[in-house]
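Colleague: Take the sequences, apply the hints, and build the full model.
Chain residues, written in single-letter form:
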Amino acid sequence: MEDTLFILNGKETPFKPGQMILEAARNGGIEIPTLCYLKGAAPTGACRICLVEVKGARSLMAACSTPVSPGMEVFTDTEQVHKARKLNVELLLAAGRHNCLMCEANGNCRLQDLAYFYKITKLQFPEKELSDIYPVEDENPFIVRDFSRCILCGRCVQACNELVVNRAISQGYRGSESKIVTGGDQPYNNSECVFCGQCVEVCPTGALTEKKARGLGRAWETQKIRTTCPYCGVGCQQWLHIKDGRIVKVTAVEDAQPNQGRLCVKGRFAYDFIYSEDRLKTPLIREAEGGFREASWDEALDLVAEKFKEIIKKNGPDAIAGVSCARSINEDSYQMQKLFRAVIGTNNIDHCART
Amino acid sequence: MILIVGSNMTEAHPVAATFVKDAVLGGAQLIVVDPRRTDLVDFANLHVPIKVGSDVAFINGVMNVLISENLYDKKYVESCTIGFEELRQKVMEYPPERAAAISGVSAEMIREVARRLASVKPAMLMYTLGITEHVCGVNNVMSCANLQMLLGNVGFECGGVNPLRGQNNVQGACDMGALPNVFPGYQRVDNEQAREKFRKAWKVKSLPDKPGLMMPTMMEGLTTGKIKGFYVFGENLANTEPDIHHVEHCLQSAEFLVCQDIFPTETTRFAHVILPAAAWSENDGTFTSSERRVNRVRTASVPPGEAKPNWWIFKEIAGRMGHKWKSANAREIWDNEVSVLAPSLAGIKYSRLENDGLQWPAPSEDHPGTATLHKDGCFTCGLGVLKAIDWIPPAEVPDEDYPLVLSTGRRLYHYHTRTQTGRSSGINELLPEETADISAADAEAKGIVDGEMISVKSRRGEVAVKARITRQVPQGLVWMAFHFREACANWLTNPVYDPVTQTAEYKACAVRIDKLKAMTLAENECNEV
Ligand code: SF4
Ligand code: SF4
Ligand code: SF4
Ligand code: FES
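Line by line, the protein sequences give chains C and H. Position 238 (the first sequence) corresponds to 238 in the numbering used here; numbering is contiguous. Heads up: take any position in the second sequence, counting from 1, add 1000, and you land on the numbering used here.
Since the hints were derived computationally from the structure, they do not count as laboratory data. Any given hint might turn out to be false.
Result set (SDA-like, lysine to any residue): computed pairs, CA atoms no more than 20 angstroms apart in a straight line [claimed, not checked]:
id, chain 1, residue 1, chain 2, residue 2
1, H, K1324, C, A305
2, C, K307, H, S1253
3, C, K307, H, H1272
4, C, K307, H, R1320
5, C, K211, C, P187
6, C, K122, C, S148
7, H, K1466, H, K1515
8, H, K1349, C, R226
9, C, K281, C, E294
10, H, K1074, H, L1383
11, C, K16, C, E73
12, C, K314, H, H1272
13, C, K224, H, L1353
14, C, K313, H, T1224
15, H, K1205, H, G1319
16, C, K224, H, T1299
17, H, K1121, H, G1026
18, C, K224, H, E1282
19, C, K83, C, S59
20, C, K314, H, T1223
21, C, K314, H, R1320
22, H, K1210, H, Q1187
23, C, K224, H, D1356
24, H, K1205, C, G345
25, C, K281, C, L301
26, H, K1515, H, V1449
27, C, K309, H, M1321
28, H, K1197, H, S1344
29, H, K1457, H, P1403
30, C, K309, H, R1320
31, H, K1226, C, N315
32, C, K313, C, L303
33, C, K224, H, V1302
34, C, K281, H, P1264
35, H, K1090, H, A1107
36, C, K11, C, T76
Reference listing, derived: stretches of chain H covered by chain C, where coverage requires no fewer than 3 residues with Cβ under 8 angstroms from a Cβ of chain C [what the hints assert, rightly or not]:
id, stretch
37, 1171–1181
38, 1195–1206
Ideal placement from N, C-alpha and C gives every residue a C-beta, glycine not left out.
Modeller: And the structure:
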């Protein structure tokens, strides 16, 4: 057998040296469920949901952290595999309190999906006592941490430390006391956290959710529209989650260039300025006494055109100048320079490239 | 190897910074050249805290070492560049000891930077406004280019000279010709053929052939009466430009000021007509990022009230001035005009922008776009030009009356004048006010404690602002942002400009700090009661 092939569910399948079973299987078109696996970070093998059978191995193996070897025989779909995975889901359910009705992540939760897939209809083990669970922490404006729904998969810790490298959180305490903590176990807003929300992005359950999105729409009620961040020049790709024509929350587009599933605090949480009551809603014209009065588009545009024509006639086109906007879309800047060059007849057009 | 000069990436370009940090975790070396101890310094092999405005001297010193110690890329320099001899002579005037005296770091450190840079290939250089916002901004940029060419690092993936753009669409506004000397696609207005091409496309009798004014000159023109009508689209000049008192005087002088914006701002107060515009997610369109990537922006919600897309407003004004424009939406503007007229964008059509966009130049519709410019050292204009550059100090340097340097920039949680972030719920909670960041030593000298309101004063203005004592800032430096109106750094900044780009020297002016005596008194009284 060639040293780049292994046998996946009875079929010869190629793999790349060093690849884990999970990735090789996914490349071969076989999906293996995961909870803790995070692309781009070192596998931790924490959740044991990705278990597979490897011929000759004494126990089931975690696909995310077991490297493929040439000729290895792997089974992903056996009774033993499914029994073990189901048991692990049941254990995870019991380790917290997963009341989906009241969870912000309902409909967008990998644990819920697995419980459904394995047709779990009643809890095999008693749920953890509420008194044994750390209280919800939501002192900051953006992120709710609900420890009753935390399965300690560690994805948030990996995202914070290995992807965005803000080093704000880590695994704390031991055993049944385990908790994801900031330095000194302080609330997020008293920690190194910079509110990029990457931990929320990767959390597979409702343990970390967006505070501003709370109650505004379930996953199945919202529509996703891809767009580009309006802040800095990195140009991160975002999903706008829309319900009834309103942005409910913003997440990153996974695998997209240039941000590869990442956003910063502005891109993720500073989207609702567009709904501010302060928005300009109608054209305004200055009155003689100095205040402004509302005007129709026709009146305002006529006034601008007339004034410009008057200035051109009296002082020439170079007596008019304009500054375009480095935040607005390309098409707007194009139109403005065209207005200045082709209509007004001056090259006095610039923008704030310099700030 | 990554060299970052004058860029506080973790705050200004946070996601780009995550990739730099990833690279460091993956084993890349990082050198941070910045007067402040920015957050990225925690990840750096070397922090080079040069004095504000000493970049050219520092880089000349590094190049001096590269040449004296024979560490530069001779093959690259010979085959891909011209001007080496002039450069060599100039940088020989900057032995490390002299460069060290100007830049405030040791000669040994300059040597180490040179040796480290020469040891790994390719090395990527990234810079932001710390380089450009100086009277010698262009010289600073050319120095960065000199350094990278000398090292043979231009034209390779993970190499090159990479500016990070402050605003989401600065790149695009330039590409679109919102500049006084070029049409879309950087075709010069003083070029007969270019003019003829645009004249035909826009169906007009003639087009102006003399380059127009840059913004600072426009503003001056308002006070002299040379400029009568001023059209400000989406910029809050009254807060973003240096020396607010002066800027407001200019705006006040306009005979006719049109402001087009999504919010009332400090600038719209001076307008004669205010036009309400649709915002970001209320439009279809495109942004172009720092890496020349044209990305789609899509409509998600409707504009409030009667606000209209900006392109529509311009089209309507053109119509009322006797010019009927055909394109009736952003897609038509791009597909039928922009990409037809700008050769580097010819291959970019909306139909090709569905996923990750495209990086220009993309000259034809089957072109995949261009990730790296000047591939393998092949410069678009033939050979890369090495330029001999002399260091000049900032226009205003500290003296007895104003003994400290003020440098300005941005903070993580806010964006520019907060017209957007200030109105996004939660952001103000994380950063509710401006601070003047100062060193413990300067604070102690004045008896200032952390969190106390102090006065920061320059020859142009004075603000009362909270002192933040931090080890990020070296002695002799005050650091502020311009996010908040009252304590906006631009009451203080110096309106002097790079002669070529007219970029203002936001990064350096002279100030003094003092305790706010009246306040402390009042506070004491309160305490006693
Ligand atoms: S908070 Fe979410 S991502 Fe983090 S460990 Fe808990 S379940 Fe996993
Ligand atoms: S928001 Fe970002 S910085 Fe804060 S804990 Fe989450 S991943 Fe880390
Ligand atoms: S998400 Fe942050 S880093 Fe990305 S474009 Fe927006 S502001 Fe820049
Ligand atoms: S995904 Fe493999 S152990 Fe969690």
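Colleague: Which hints, by number, does the structure contradict?
Modeller: Violated: none.
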